[in-house]
Every structure is written in C-alpha cells, then in structure tokens.
Amino acid sequence: MTMKASTRQVDGVTIVDLSGRITLGEGSVILRDTVRDLIGKGNKKILLNLGDVNYIDSSGIGELVSAFTTVRNQGGDLKLLKLTKKVHDLLQITKLYTVFDVKDDEAAAVKAFGR
Amino acid sequence: MASECSLGSEESLTVAMSRNRVSYTLESTLETVNSAEATASQMATEAGFDDDDVMKISMAVREAAVNAVLHGNAYDPSKKVTLAFERTGRDLVITIRDQGKGIDLTAIPDPLAPENLLKTSGRGIFLIRSFMDEVEIHPSQAGTEIKLIKHVHGSAAGGKEASQ
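Chains A and B are the protein sequences, given in the same order.
Be aware that the first sequence starts at 844, since it is given in this note's numbering, and climbs by one per residue.
Be aware that the second sequence starts at 592, since it is given in this note's numbering, and climbs by one per residue.
Next up, chain A with everything else stripped away, as it sits in the complex:
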C-alpha cells in the first residue's frame, strides 16, 4: 500500500525506483523528499522508474509535475520510465503525457540525458 523509493546511479543519471502508490500523504511526501534530496546533492539528471507504481491520484500527479518543474528550474532534467497502463492512461487524459519525456527502455532513457 505504501510507497517505496530507492536510488541508484547509472552513467551520471540518478534512477529512482518507485513502487506502490503515489497518493496524498506518505507517497507524495516520499517522492517530494527524494527529489529535493537529490537536487540538494547536485543530482540534476533524474529518471523516475514508475514500473512498479500501480496507482497515482491527483496529488501524486501534482507531485510528479512539481518534481519535473523543480528539476528543470535547477537546470536539470527529469524523465519518466516504464509507465503502467493505469499511470499511462492518467497522464494521457490530463494531457501530461506530452509534457513529460516518457521512456520504456532504461538504457535508452539514460542515453537520452546526454552528457
């Protein structure tokens, strides 16, 4: 039920593996704190792996948008990796699918950040 987040580095890109639900409360807070912590440590290439995120509510969507704009405002880039069908559909109907750079393949996603 609750969300978990773990980070790893691949070729200069910080991959955040998320699992569970990104919803109002704990899930949104964990995502917010994780991204803020990464930015604070100078990690500006962030790939959010949503492959194991099976549910996002409007607060979670807002948190994804917040993470995206925060990273961009710091001169970095944030991409999304491996959307589940539910999350994909949600980003489609909210027109955010075209805002985020969404990738299906991790290696290609890392490469897309450039150097």
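Hints may contain errors.
Calculated lysine-lysine pairs in the DSS-like style (CA-CA distance at most 30 Å, straight line) [said to hold, decoys possible]:
hint, chain 1, residue 1, chain 2, residue 2
1, B, K710, A, K847
2, B, K710, A, K938
3, A, K928, B, K738
4, A, K925, A, K847
5, B, K710, A, K887
6, A, K929, A, K887
Heads up, incomplete: computed chain B residues facing chain A, CB under 8 Å, no partners named [claimed, not checked]:
hint, residue
7, R653
8, E654
9, T711
10, S721
Partial list, derived from the structure: chain A residues whose beta carbon lies under 7 Å from chain B [to be verified]:
hint, residue
11, L867
12, D900
13, G905
14, S909
15, T912
These are calculated hints, taken from the structure and not from any lab test.
Idealized CB from N, CA, C, for every residue including glycine.
Assemble chain B onto chain A, guided by the hints.
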C-alpha cells in the same frame, strides 16, 4: 430496515445500512479518504463492474473524499464527512458531503488549458468527471455535496465525454 454496524475502523462514527444503501459519517482525516476508496472499490466490485471501472469509481470517490476532507472541511476535527453508497436498478450512486464553506465551481481552472498543465493541483474534479457517467455538485454555505453516478451496465456514454 436500517441497522447499525461497525466499519471495523476507528474513524467510523456512525454507519446506517439498509438493503441497498449504506452511509457513513466519518472524521476529516486521511484515513477517511482511504476508507472511502476501499469501500467504493468493494461496492463497485459487488455491483459487477469490471476491474477498469472499479478503479475509475474508486479513484473518483477518493478524489471527492480528498476534496471533502482537505478543501471542504480543511481537516477540522469538528467537521464530519458523510458518505453514502446506493445501488439502484441501473446505477451505483455515491454521495459525499462535507461541512465546509462550499466549493466555488467558477474558481476551478481548466486543468487541460496550456497555462495550467504544470500546476501542481486542480485536477481532482476533472478526474471525477472523467471517470463517472454523471456528476452533480451542489455547493452551499453549509458545505458541498457531490453525487457520483456510474451506470451498472455501462449502457450510457462513457464518463470521458463529460470531460472538457
């Protein structure tokens, strides 16, 4: 015949049940939001909706409950949230009422407008309208009541037409 029963959770204040209708009066907490979502999922499943519709209904109820707890009652412990689930012949009807100031529908911007796409809030009502077949919102000075309707057999046009 109405009867009392326990929801099995601490936040439940009162529960009223009849054969096709169950209502709860709950505290203005996050637990209420989760409880509303879980109950909606159970009721929708029992009504025969498929997995996709169950998800849509439970998410719409979650969003409405968030609005009631967060925006309506503003977590005020003296204010309660009332939830009612009703099965009619062709509909599942969920009514959620808060005791806030009443939502100002004219103040809700279109979340799909280009200038609003990167806003971090304001998508709840839009998602509710997207996922349900019919949505009625009745704000008043005594609070806001929102009625969510999903046709059991899905004969009417999908809720996405309600979105803008």
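- Looking at the structure, which of the earlier hints fail to hold? No numbers; nothing is violated.
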